[in-house]
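Asker: Take the given structure of chain C and dock chain B to it, following the hints.
Respectively, the protein sequence lines represent chains C and B.
The first sequence begins at 2 in our numbering and counts up one residue at a time.
The second sequence begins at 391 in our numbering and counts up one residue at a time.
Among the hints, a few may not be true.
Claimed, not checked - Which bits of chain C does chain B cover? Going by a derived footprint, with three or more residues having C-beta under 8 Å, they are:
hint	region
1	127 to 134
2	169 to 183
Claimed, not checked - Think about it this way: if two alpha-carbon atoms lie no more than 27 Å apart in a straight line, the pair counts; the simulated DSSO-like pairs of lysine-lysine are:
hint	chain 1	residue 1	chain 2	residue 2
3	C	K178	B	K435
4	C	K63	B	K473
5	C	K89	C	K63
6	B	K445	B	K435
Derived by calculation from the structure, the hints in this document are not laboratory data.
All values reported here derive from a predicted model rather than from experimental measurement.
Backbone N, C-alpha and C define an ideal beta-carbon position, used for all residues, glycine too.
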Amino acid sequence: LAPRFEADEASLVTAVRAGDAAACEFLVRHYGPRLLSVARRFLRNQEDAQDALQDAFLSAFKCIGGFEGSARLSTWLHRIVVNASLMKLRSRRNDSEEPIEDLLPRFFEDGHHLRSPAEWQEDAETLLEREEIRIFVRRCIDRLPESYRTVLLLRDIEDLDTAETARLLAIEEGAVKTRLHRARQALRGLLEPRLRRSAR
Amino acid sequence: MTRWIHCREFVEFLDDYLAGRLAPEQVEEFNNHLSGCPHCVTYMKTYQEAVALGKGSVERTDEPVPGAVPEELVQAILAARSKK
Numbered sequence: 002l003a004p005r006f007e008a009d010e011a012s013l014v015t016a017v018r019a020g021d022a023a024a025c026e027f028l029v030r031h032y033g034p035r036l037l038s039v040a041r042r043f044l045r046n047q048e049d050a051q052d053a054l055q056d057a058f059l060s061a062f063k064c065i066g067g068f069e070g071s072a073r074l075s076t077w078l079h080r081i082v083v084n085a086s087l088m089k090l091r092s093r094r095n096d097s098e099e100p101i102e103d104l105l106p107r108f109f110e111d112g113h114h115l116r117s118p119a120e121w122q123e124d125a126e127t128l129l130e131r132e133e134i135r136i137f138v139r140r141c142i143d144r145l146p147e148s149y150r151t152v153l154l155l156r157d158i159e160d161l162d163t164a165e166t167a168r169l170l171a172i173e174e175g176a177v178k179t180r181l182h183r184a185r186q187a188l189r190g191l192l193e194p195r196l197r198r199s200a201r
Numbered sequence: 391m392t393r394w395i396h397c398r399e400f401v402e403f404l405d406d407y408l409a410g411r412l413a414p415e416q417v418e419e420f421n422n423h424l425s426g427c428p429h430c431v432t433y434m435k436t437y438q439e440a441v442a443l444g445k446g447s448v449e450r451t452d453e454p455v456p457g458a459v460p461e462e463l464v465q466a467i468l469a470a471r472s473k474k
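Bound conformation, chain C alone (with noise of 0.2 Å):
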């Protein structure tokens, strides 16, 4: 069965709203892993991300019906794997702000920088081939405070625009611009030590 359903998206949606049992089975063992790798970008552990992959099967199975096939499973259940981990996000958001001052540029009064930014040793496309400096940068996203994290991944990772996201995460539209903003430079602070060019 598995070729057939690989080969031919129309066939697995059919047998999955029908209840098929082996083409349910294969939805979860054939697009699970990357959607897992989804959740796990957005719930920094591993409990939480299985747990939001589970929802987000469960609401793909009850909503198939739906599917119209104007975009690609794959880009369906990416969607829906995307607001199963936000609403696991949210159970338990606490209403405080984290501080991300600490991450964010420093001025001296006349409004100068307090420190002069650095050049980096290449460009980040050069950078990009190098697989430490890739495992670097997403350890930084993942120091950034969630809820600054969160907003980044969906303006620059997912490419979702300000309203949506907005929309997403209840909040006003400017505070997704404010933090985004934010978001970038405290990204770029955590990766100045590593990437200046005198720390070749």
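Answerer: Relative to chain C, chain B alone:
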């Protein structure tokens, strides 16, 4: 005469500048600042590199994808589906 902005203001509104959300007279102020401040030129460049690195590091993920869902979780999902 164009107002002179400081590095703090440049950095605070850098995303608006890069996204083209500033008024023409503000863009001129920012351009003037950049032409006289190598620190902010470097800051802007590395800010853009940080965005590109964030995106690229996730897109080129090295996490092992095949087989990453534990068998117990696959079974739990399928069992929960059958109960519904």
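Asker: Against each hint, give a clear statement of whether it holds in the structure.
Answerer: Structure-based check of all given hints:
Counting residues of the region 127 to 134 of chain C whose C-beta sits closer than 8 Å to any C-beta of chain B gives 4, which meets the bar of three, so the coverage hint holds. Three residues within the 8 Å Cβ limit are the bar, and the region 169 to 183 of chain C against chain B gives 3, so the coverage statement holds. This hinted pair checks out: K178/C and K435/B have alpha carbons roughly 20 Å apart, not beyond 27 Å. Of the pairs offered as hints, the one joining K63/C and K473/B holds, with about 12 Å between alpha carbons and a cut-off of 27 Å not exceeded.
For the hint pairing K89/C with K63/C, the CA-to-CA distance comes to about 19 Å; that is within 27 Å, so the pair holds. Distance hint between K445/B and K435/B is fulfilled; the C-alpha atoms sit about 16 Å from each other, no more than 27 Å.
Consistency with the previously given hints is maintained throughout, with no hint failing.
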